[in-house]
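In short: position in the sequence shown from 1, add 102, done, that's the working numbering.
One or more hints might be untrue.
Computed spacing ranges between beta-carbons, pair by pair [stated by the list, open to error]:
(1) 129 x 175: 29 to 39 Å
(2) 175 x 137: 38 to 48 Å
(3) 145 x 168: 49 to 59 Å
(4) 171 x 126: 10 to 20 Å
(5) 147 x 126: 18 to 28 Å
(6) 148 x 174: 42 to 52 Å
(7) 126 x 150: 11 to 21 Å
(8) 113 x 148: 13 to 23 Å
(9) 154 x 119: 40 to 50 Å
(10) 179 x 118: 20 to 30 Å
(11) 146 x 115: 32 to 42 Å
(12) 140 x 175: 29 to 39 Å
What the hints contain is simulated information worked out from the structure, not anything from laboratory work. Note that the structure is a prediction, hence the values are computed from the model and not measured. Glycine is no exception: its CB is placed at the ideal position from the N, C-alpha and C atoms.
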Amino acid sequence: MLLGGLWGRCHVGRCAFFLILALLLDALGLVLLLLGIFAVLSYWDFLVYTGALILAFSLVFWVIWYSLNIEVSPEKLDL
């Protein structure tokens, strides 16, 4: 049995653009951060700080993606 079968259907939601953007920013930030930590470069601090800022900025897109995918039934909205 697949893991997706345990909890229901797996899908990215209605806002795949924000998910892809958040994943790309996570990957870029992680690469810059690790490059700044492990590479012997004279500008390592720029890479570490830039990677950390990009990772922090990606959280904005994760929150947007999550917020736009919340489903509330019309009965709970009292419409």
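Tested hints:
1. Checking the proposed 29 to 39 Å range against residue 129 and residue 175 shows it holds: the Cβ atoms sit about 35 Å from each other.
2. Judged by the Cβ atoms, the range 38 to 48 Å given for residue 175 and residue 137 holds: they are separated by roughly 46 Å.
3. Residue 145 and residue 168 have their C-beta atoms about 35 Å apart, which leaves the hinted 49 to 59 Å range violated.
4. Distance hint for residue 171 and residue 126: a CB-CB separation of about 18 Å, consistent with the stated range 10 to 20 Å.
5. A hinted range of 18 to 28 Å holds for the C-beta pair residue 147 and residue 126, which are about 24 Å apart.
6. Checked against the given bound of 42 to 52 Å, the beta carbons of residue 148 and residue 174, roughly 44 Å apart, stay inside it.
7. Evaluation of the 11 to 21 Å hint for residue 126 and residue 150 yields a pass: the beta carbon distance comes to about 20 Å.
8. For the pair residue 113 and residue 148, the beta carbons lie near 39 Å from each other, so the given range of 13 to 23 Å is not met.
9. For residue 154 and residue 119, the hinted distance range of 40 to 50 Å is not satisfied, since their beta carbons lie about 24 Å from each other.
10. The hinted range of 20 to 30 Å is satisfied by residue 179 and residue 118, whose Cβ atoms lie roughly 25 Å apart.
11. The given range of 32 to 42 Å is respected by residue 146 and residue 115, whose C-beta atoms sit roughly 37 Å from each other.
12. Hint check: residue 140 to residue 175, Cβ distance near 49 Å, so the stated range 29 to 39 Å is violated.
When each numbered hint is compared with the structure, violations occur for hints 3, 8, 9 and 12.
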